[in-house]
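Protein chains: 2
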Amino acid sequence: MNKISKTAPIGVFDSGLGGLTVVAALDALLPHEDIIYLGDTARVPYGDKSPETVGRFGLENALALLERDVKMIVVACNTVSATALPFIQSELEARGFRVPILGVVDAGIEAIIPRNPRKICVLGTRATIASGAYERGIRAKLPDTETISIPCPILAPIVEDGLANHPIATSAIKHYLTPILDSPPDTLLLGCTHYPLLIDAIRTVLPPSITIVDSSIAIAEKIRETLEKLDLAKIIDTSSGRREFLSTDSPRLFAERAKVFLDGKLSPMKVEEAPCR
Amino acid sequence: MNKISKTAPIGVFDSGLGGLTVVAALDALLPHEDIIYLGDTARVPYGDKSPETVGRFGLENALALLERDVKMIVVACNTVSATALPFIQSELEARGFRVPILGVVDAGIEAIIPRNPRKICVLGTRATIASGAYERGIRAKLPDTETISIPCPILAPIVEDGLANHPIATSAIKHYLTPILDSPPDTLLLGCTHYPLLIDAIRTVLPPSITIVDSSIAIAEKIRETLEKLDLAKIIDTSSGRREFLSTDSPRLFAERAKVFLDGKLSPMKVEEAPCR
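Line by line, the protein sequences give chains A and B. Heads up: the first sequence begins at 1 in the numbering used here, then just goes up one per residue. Heads up: the second sequence begins at 278 in the numbering used here, then just goes up one per residue.
Please note that the accuracy of each hint is not assured.
What the hints assert, rightly or not - List of simulated lysine-lysine pairs, DSBU-like, C-alpha gap at most 30 Å:
1. A/6 with A/174
2. A/174 with B/451
3. B/283 with B/499
4. B/536 with A/174
Unchecked claim - Here are the in silico distance ranges between beta carbons for each label pair:
5. A/136 with B/502: 42 to 48 Å
6. B/413 with A/236: 55 to 61 Å
7. B/456 with A/256: 19 to 25 Å
Stated by the list, open to error - The following residues of chain A were derived to be distant from chain B, with all beta-carbon distances above 12 Å:
8. 209
9. 233
10. 264
These aren't lab readings, by the way, just hints derived from the structure by calculation. In this text the structure is predicted, and so the values were computed from the model without any measurement. Using N, Cα and C, we set each Cβ at its ideal position, and we do this for glycine too.
The following block holds chain A by itself, in its conformation from the complex:
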């Protein structure tokens, strides 16, 4: 790959469907850009898996998008961003690819810096929290800020089962947030693309003064900035960009379950199968 084309699509991948919240945010911010989304629904979720396995799957997803000549790789999956971004970057460089790669973890951290928080709580999958990526990133940029990280393994399955507004969601959130209720943080960082759908339930548990940062919106902003900085932004026109969806498991199941994350946006949706090997 020599010159990257401005008119090429933005490639976004996630372990499954959660990254569609990033596509929805991008669709609102950069409607004229083309987007190809890959969901590794055959092997989802990644959140309980080892960094080695997550890195291998993430690299395969990135390569599948590069076969479709994307101009940028967006890692919409917090688990991959937290555990394997440097690995994927170096593997792609070794193969001669020079497209920019952005991950939701860095975007989330950058979004909170201007707010100058005193105390941050990060929620994520087991693998994301175990990686320490959020804590390290926050310490590097905001050395005086206290960070507490809480793994919340059953929140993503609750969202996927359409129970985000059910009392089960509230009781799971209460369970996980118990350690911070006595002395709550000023900022809550949602370190999983499923969690924005739980904001209403979270608001019933935490004081209203808390700022909740949604990394899917943060990364859409960062994608725009990066495309402009690298002179890779498509010339703005009034036509809507192409939206393509790839699924490693059944396209029919993908389209059915995508509704939870898209709230009527981007439908009807055409999904193509892209086997994971």
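Put chain B on the given structure of chain A with help from the hints.
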């Protein structure tokens, strides 16, 4: 493969760790038999995936066990048993393998026949329930019995997070069982290897008269019968059989998380990595 050896190990596979409940039941019933267990922890869970993907993964797991010369394949995963057992059987036959294959679904159904239930409720993953395998199997053997099937996607994640005895488990069970509380069944069939760990929570929601059938115990009985019938049982001796564990993701994570399912049994555990491709 010509003659199957009596002294060969029994091969058991599952999408992840839930099938360890079958190993524990086998360990109690046939302590002298050797057992090799494969957990496809890199791609777990299967319960929300398509029959095609579940079939492909299941076949790969069976072939990995056959490479280790097992004398029988036990499909400890309800999702694979319900959606893909005939596919795996015919693929193995086409490759010249003649080892017997047993699945938890048939074993669970056979275990309830002598009880002659009037009304059965089956709980399982989305894929297990969508397959209709339990309903078809029950209708064939017990045509006058009414069957209700309920998909319970967040119960397995709750068990894996160690929350089986937490109020979250009870409220999730109440949520799923609401449709049957007014007119409860006489028999509850646990169609997922994670659910035996929820029996205490289920008992707080359902009337005490209900019979709860645990398919991991049912299949251990069926394995013994089949080995005897086919003259494949190892000669009983006083030594304990070998227990080998294979994991497609990190062996360390496997050993850590296996504790939830084994309750102190079979530990310490040696786990070997067996990449899923």
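Against the structure, the hints come out as follows:
| no. | hint | in the structure |
| --- | --- | --- |
| 1 | A/6 with A/174 | violated, 46 Å |
| 2 | A/174 with B/451 | holds, 18 Å |
| 3 | B/283 with B/499 | holds, 17 Å |
| 4 | B/536 with A/174 | holds, 26 Å |
| 5 | A/136 with B/502: 42 to 48 Å | violated, 56 Å |
| 6 | B/413 with A/236: 55 to 61 Å | holds, 56 Å |
| 7 | B/456 with A/256: 19 to 25 Å | holds, 21 Å |
| 8 | 209 | holds, 27 Å |
| 9 | 233 | holds, 37 Å |
| 10 | 264 | holds, 22 Å |
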